[in-house]
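Chains as they are written, first to last, in the working numbering: chain A, 1 to 327; chain B, 1 to 297.
Watch out, some of these pointers could steer you wrong.
With beta-carbon atoms standing in for the labels, derived distance ranges [unchecked claim]:
#: 1; chain 1: A; residue 1: 167; chain 2: B; residue 2: 50; range: 51 to 59 Å
#: 2; chain 1: A; residue 1: 155; chain 2: B; residue 2: 56; range: 52 to 60 Å
#: 3; chain 1: A; residue 1: 313; chain 2: B; residue 2: 49; range: 51 to 59 Å
For the record, the hints were derived by calculation from the structure and aren't laboratory data.
Don't be surprised by glycine CBs; every beta carbon is placed ideally from N, CA and C.
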Amino acid sequence: MPTLVGISLLAFFLVRLVPGDPVMLKLGERGADPVIYAEMKKNMGLDQPIIKQYFIFIKKAISGDLGESHVSSRKVTEEFFDRFPATMELGIAAMIFAILFGVPFGIIAAVKRNSFFDYFLMGGSLLGYSMPIFWWGLVLILVFSVQLGLTPVSGRMSVMFDIDAWSGFLLIDTLQPEVLREEGLAAFWSALRHLILPSIAMGTIPLAVMARMTRSSMLEVLGEDYIRTAKAKGLPYSKIVILHAFRNALIPIITIIGLMFGSILTGAILTETIFSWPGIGKWLVASINARDYPVIQGGVLFIATMVVIVNASVDFIYAYINPKMRT
Amino acid sequence: METRAEDTILEEPEHFFKEFWDYFKKNRGAVAGLFLILFFSIVALLAAFIAPKDPSILHSSALRLPPIWSGGTSDFLFGTDDVGRDILSRLIHGSQISMTIGFFVVLISMSFGTFLGLVSGYYGGWIDRLIMRGVDILMAFPSILLAIVVVSVMGPGIKNAIVAVAIVAIPSFTRIVRASVLAEKQKQYVQASKTFGASSFRIMFSQILPNCMAPLIVQATLGFSDGILNAAALGFLGLGAQPPTAEWGTMLADARPFIESSPWMVTLPGICILVVVLGFNLFGDGLRDALDPRLKK
Numbered sequence: 001m002p003t004l005v006g007i008s009l010l011a012f013f014l015v016r017l018v019p020g021d022p023v024m025l026k027l028g029e030r031g032a033d034p035v036i037y038a039e040m041k042k043n044m045g046l047d048q049p050i051i052k053q054y055f056i057f058i059k060k061a062i063s064g065d066l067g068e069s070h071v072s073s074r075k076v077t078e079e080f081f082d083r084f085p086a087t088m089e090l091g092i093a094a095m096i097f098a099i100l101f102g103v104p105f106g107i108i109a110a111v112k113r114n115s116f117f118d119y120f121l122m123g124g125s126l127l128g129y130s131m132p133i134f135w136w137g138l139v140l141i142l143v144f145s146v147q148l149g150l151t152p153v154s155g156r157m158s159v160m161f162d163i164d165a166w167s168g169f170l171l172i173d174t175l176q177p178e179v180l181r182e183e184g185l186a187a188f189w190s191a192l193r194h195l196i197l198p199s200i201a202m203g204t205i206p207l208a209v210m211a212r213m214t215r216s217s218m219l220e221v222l223g224e225d226y227i228r229t230a231k232a233k234g235l236p237y238s239k240i241v242i243l244h245a246f247r248n249a250l251i252p253i254i255t256i257i258g259l260m261f262g263s264i265l266t267g268a269i270l271t272e273t274i275f276s277w278p279g280i281g282k283w284l285v286a287s288i289n290a291r292d293y294p295v296i297q298g299g300v301l302f303i304a305t306m307v308v309i310v311n312a313s314v315d316f317i318y319a320y321i322n323p324k325m326r327t
Numbered sequence: 001m002e003t004r005a006e007d008t009i010l011e012e013p014e015h016f017f018k019e020f021w022d023y024f025k026k027n028r029g030a031v032a033g034l035f036l037i038l039f040f041s042i043v044a045l046l047a048a049f050i051a052p053k054d055p056s057i058l059h060s061s062a063l064r065l066p067p068i069w070s071g072g073t074s075d076f077l078f079g080t081d082d083v084g085r086d087i088l089s090r091l092i093h094g095s096q097i098s099m100t101i102g103f104f105v106v107l108i109s110m111s112f113g114t115f116l117g118l119v120s121g122y123y124g125g126w127i128d129r130l131i132m133r134g135v136d137i138l139m140a141f142p143s144i145l146l147a148i149v150v151v152s153v154m155g156p157g158i159k160n161a162i163v164a165v166a167i168v169a170i171p172s173f174t175r176i177v178r179a180s181v182l183a184e185k186q187k188q189y190v191q192a193s194k195t196f197g198a199s200s201f202r203i204m205f206s207q208i209l210p211n212c213m214a215p216l217i218v219q220a221t222l223g224f225s226d227g228i229l230n231a232a233a234l235g236f237l238g239l240g241a242q243p244p245t246a247e248w249g250t251m252l253a254d255a256r257p258f259i260e261s262s263p264w265m266v267t268l269p270g271i272c273i274l275v276v277v278l279g280f281n282l283f284g285d286g287l288r289d290a291l292d293p294r295l296k297k
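Isolated chain A (complex conformation):
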């Protein structure tokens, strides 16, 4: 709780320090008239003392009102939830990509320890870990979109399709019965093809972390006595690895997946900018450029609060599945 108060303070005051006058930005050329200026300032709540502004902000935030965007005049919460599914869809796709490849890579590297495979996979994962994703996204576009023409360059879906947002997750929305009746699977494929490159770009660093984590976690478990016992009983090695070792190596892996939530959001800011993905990251960067106070403080508050909540629940789940951690 004190952390949340700290976050709200930081979000609020840091944003107030951003140079530039939001009233002038909103009024543009008309800002010259002092009467209109004063009225506008009052409407935006910026004529109050700053401490009072903060308490008004908190009071409203607790009741779920983060104010209105100075730019679009829509509610910040509305704008946030409009874009949140896009970021979540991308984030989930990126995590699936990371888990799908990272975990098997880690297992193979651990089982074939110190072999060519191990060095190759671990070298590759260190390369992935060092990847500047804003460049990686451009390279993926260059290879797959520009040269091979396999995937679209940007956006979430071809503009041909007009889909009702039901869940906001396009992969789900395009499978609604009425969409399928009109477009068949074309809309779904379009959404899926748009999703591929951004999720690879965003999932590369988590993949690398996952592979390294899985490897070290597996190595630890493979050295345990009960693995030797299983071997002595004559169980096939593949069965030992999957049934005995991997199950116990899963605990730290699950923890890492939970803790990656924050880095997924970091990745979203850069990935969405490159692929023009209409999510939270791109929205925040645009709002910072537009000095849209309520959006920046609301968005930042939202994200930081989510990170805190997710991390706390990871701790909780961790204590639940691993009795050793209970104190």
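Assemble the complex: chain A is given as a structure, and chain B must be docked to it using the hints.
Okay, now just chain B, sitting in the frame of chain A:
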């Protein structure tokens, strides 16, 4: 019998650095990382002498010339950019900027982070709670988002980007130092110093700190790569180094519109960022393995 006993007495303990180097050199990746770092450091230091051309001179007769391996001329080995600047020279000067950024980011974040970690771990109580709360708050923000907000408060530019990236990096140093201090504080040499009447300041900085160096050095190496990466990301978003500065992230942002016609403008600066960051990560991993006594067998 006698000589053997004497031998064991006279035999000096292996010198720390020799022992360290023996472990370190076995890790080929780490040695490769060290060479990459040395290579880029030398390039950065000698940039003014080895760059074939001035990085900001516009060669109007050679716009977007491809590199030599895809049909360019030997005059511009890595080709030219959209206004006819020599890319090789810009990359060489860019290494100077990136290495400088990395150095100052580590210097600033390590100084503040170490101080806070020492104080927090040593004094405990409400000071500890206050500092760690601050660390928790900083860590709740996605790093690049916080850096973006900080830069937009202070205005874009290299110096402000360094400060922003350094602020984001402070918590990791604080946590690592605090954890080591908590372990060291219990040891007898600290108790002994206290009995002799050493001041808290002296105990913290000249007794405890040297014993926390191993994890701190590893974190500093990894902080270097994070710093370079984040600063390049800010440059890419237009918030770090400003054009026409030859900074790798800024070069990438400039090159983006030409990705289809002149792909080398995009690939080359990115490869530089990747290789430098990889070098520091390889080196850092190797350091951690060599310095962590638990991993020695």
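Hint check results:
{"no.": "1", "hint": "A:167 with B:50: 51 to 59 Å", "result": "57 Å, holds"}
{"no.": "2", "hint": "A:155 with B:56: 52 to 60 Å", "result": "36 Å, violated"}
{"no.": "3", "hint": "A:313 with B:49: 51 to 59 Å", "result": "56 Å, holds"}
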